[in-house]
Amino acid sequence: MQMANIVELAPVLAYAGTDDGVIVQGIWNSRDATAGLAHARGHSYWRPVDGSVARDELDAALSVADTVVLAPTAKVVTGMRQPLDGSEAGRIVGHRLLDVLSTKRPRIHVVLISHFLVGHGVAHHNAKPQTWGLCALEAHLRGGRNPWTILRPTWLSTVHDPSYQTRLTSDQHADGLVSTTGVAAAVMAAVEDPRAASGRTAAVYNLSIPGSGETALSDISDQFASLERDFEASYVLQTVT
Amino acid sequence: MTVSVSGEFDDAAAYALRDILSDPATHVPTILADHPGVNGRRISALREAHDYIIGRKLGASATRSPGDAARLIGRLAGVDQALASTLYWHSVLAPFLASIPSSRARNAVLGNVKRGHLLTWASAVPSWTWRSGSAPDATRPVGKADALIEADTYPGLYDAILLWESRSAVLVIVPTYRAADWIPADAAGRWSVRLDGASLHADDVIPLSADPRALALWPGDAQK
Chain A
0 MQMANIVELA
10 PVLAYAGTDD
20 GVIVQGIWNS
30 RDATAGLAHA
40 RGHSYWRPVD
50 GSVARDELDA
60 ALSVADTVVL
70 APTAKVVTGM
80 RQPLDGSEAG
90 RIVGHRLLDV
100 LSTKRPRIHV
110 VLISHFLVGH
120 GVAHHNAKPQ
130 TWGLCALEAH
140 LRGGRNPWTI
150 LRPTWLSTVH
160 DPSYQTRLTS
170 DQHADGLVST
180 TGVAAAVMAA
190 VEDPRAASGR
200 TAAVYNLSIP
210 GSGETALSDI
220 SDQFASLERD
230 FEASYVLQTV
240 T
Chain B
0 MTVSVSGEFD
10 DAAAYALRDI
20 LSDPATHVPT
30 ILADHPGVNG
40 RRISALREAH
50 DYIIGRKLGA
60 SATRSPGDAA
70 RLIGRLAGVD
80 QALASTLYWH
90 SVLAPFLASI
100 PSSRARNAVL
110 GNVKRGHLLT
120 WASAVPSWTW
130 RSGSAPDATR
140 PVGKADALIE
150 ADTYPGLYDA
160 ILLWESRSAV
170 LVIVPTYRAA
180 DWIPADAAGR
190 WSVRLDGASL
200 HADDVIPLSA
210 DPRALALWPG
220 DAQK
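Taken in order, these protein sequences are the chains called A and B. Counting along the first sequence from 1, when you hit position 83 you're at 82 in numbering that gives the first Met the number 0, and nothing is skipped either side. Counting along the second sequence from 1, when you hit position 189 you're at 188 in numbering that gives the first Met the number 0, and nothing is skipped either side.
These are computed hints drawn from the structure, not numbers from a lab. No experiment lies behind these values; they were computed from the predicted model shown. Mixed in with the good hints there might be a few duds.
[Stated by the list, open to error] Here are the simulated distance ranges between beta carbons: (1) R228/A with A137/B: 18 to 28 Å; (2) A137/B with G16/A: 48 to 58 Å; (3) R40/A with R212/B: 50 to 60 Å; (4) D31/A with L147/B: 19 to 29 Å; (5) D218/A with A137/B: 38 to 48 Å; (6) Y51/B with S156/A: 25 to 35 Å.
Positions of the beta carbon are idealized from the N, C-alpha and C atoms, including for glycine.
Assemble the whole structure, with the sequences as input and the hints as a guide.
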């Protein structure tokens with residue numbers, strides 16, 4: 000396993016376009032679990048201080064990055080903020096952030112933390128403007144040149160007992176529960192095996208299989224490899240206008 | 000019985016869809032309840048059937064060719080003619096999209112179909128206004144639209160409605176979640192869909208040389 004330089008960016012979609020920085024860094028639910036697992040496995044993991052992120056600071060971090068963990072969020076330390084227009088907010092972040100990656104750093108693997116409600120679309124009444132922001136960002140990422148892995152965590156739950164395995168599915172109407180450690184494991188499997196994970200979109204959920212023990216990252220990697228690649232992935236590194 | 004995960008319509012799909020339509024899940028009141036004359040219970044059952052079709056990615060097979068799309072409709076008609084009718088436009092649009100040149104917008108909508116999305120076509124566009132005067136493009140990538148469009152069947156069955164916007168000469172992909180609302184348009188089951196400043200991106204529009212229904216690539220037996 001090769002050590003990876005990971006940059007975490009958690010743009011608050013409600014503040015897209017309202018700040019002089021590239022993004023406003025917020026808080027996402029699995030950030031501590033993901034950073035902790037990354038460190039435990041010998042990777043470097045950097046994220047900007049919460050708040051406005053300047054272009055030069057971001058450029059410096061990205062210049063040595065192998066992977067960007069992109070976790071758009073509605074959460075800041077003072078509470079939750081939904082964007083007024085999620086679709087527009089997602090595209091603004093796409094242009095400010097992903098277009099630059101696509102143009103200047105197309106080799107960086109982007110692991111996008113989306114949400115399972117994106118797959119349900121209008122059929123699920125729990126969708127919010129943030130959901131459509133994630134939908135726009137998914138599309139923007141698949142339209143660019145960076146390899147991607149798009150994870151759609153299901154409902155967040157507390158940390159499970161070890162029998163709960165981390166599972167991936169390409170079912171657009173997936174549902175279930177996943178813990179922060181389950182999300183972190185899926186992220187790290189993608190980071191460590193981009194060949195298996197890139198070009199995939201998958202919902203993440205936990206499934207109790209008594210007696211099975213903790214999910215190995217190699218098992219999640221095998222699950223990535225078994226998923227059909229997104230159609231758009233056949234155009235990665237081609238110039239598509 | 001083995002259940003395919005490859006998006007192929009098999010005996011298990013036919014069995015499951017018959018089972019759903021003959022004994023749908025408990026009807027949950029929705030906005031449909033606000034519209035007298037609308038058979039909300041039947042629409043709920045069709046929505047449940049579409050959920051199954053999406054989960055199995057059965058609509059993706061229509062991207063392969065007009066013949067594959069016709070075979071899908073044929074298999075669905077063997078289960079329920081009304082269900083097959085709801086996917087008529089999907090069976091026209093999916094192979095058409097697969098046949099036109101690659102672009103970010105084309106690839107995005109086709110990728111969504113291959114992931115399971117279901118499409119329909121706007122049978123009429125009574126009004127369409129871009130607030131900036133024209134469709135979004137590379138220099139002005141986000142636009143807002145006010146519009147009234149019509150669909151043959153309940154819009155909530157689909158992930159996106161496609162339409163031809165003639166003044167900008169673009170095929171527009173309108174995700175159904177961008178609709179402000181929809182109401183029954185007539186006794187024939189058509190619906191009016193209203194957009195109120197809906198944000199659409201340059202990757203949601205596909206410039207074409209002409210109305211797609213006039214192009215040779217448009218499946219020949221499709222309604223004009």
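The hints, checked one at a time:
| no. | hint | in the structure |
| --- | --- | --- |
| 1 | R228/A with A137/B: 18 to 28 Å | holds (27 Å) |
| 2 | A137/B with G16/A: 48 to 58 Å | violated (18 Å) |
| 3 | R40/A with R212/B: 50 to 60 Å | holds (55 Å) |
| 4 | D31/A with L147/B: 19 to 29 Å | violated (48 Å) |
| 5 | D218/A with A137/B: 38 to 48 Å | holds (43 Å) |
| 6 | Y51/B with S156/A: 25 to 35 Å | holds (26 Å) |
When held up to the earlier numbered hints, the structure conflicts with 2 and 4 and fits the remainder.
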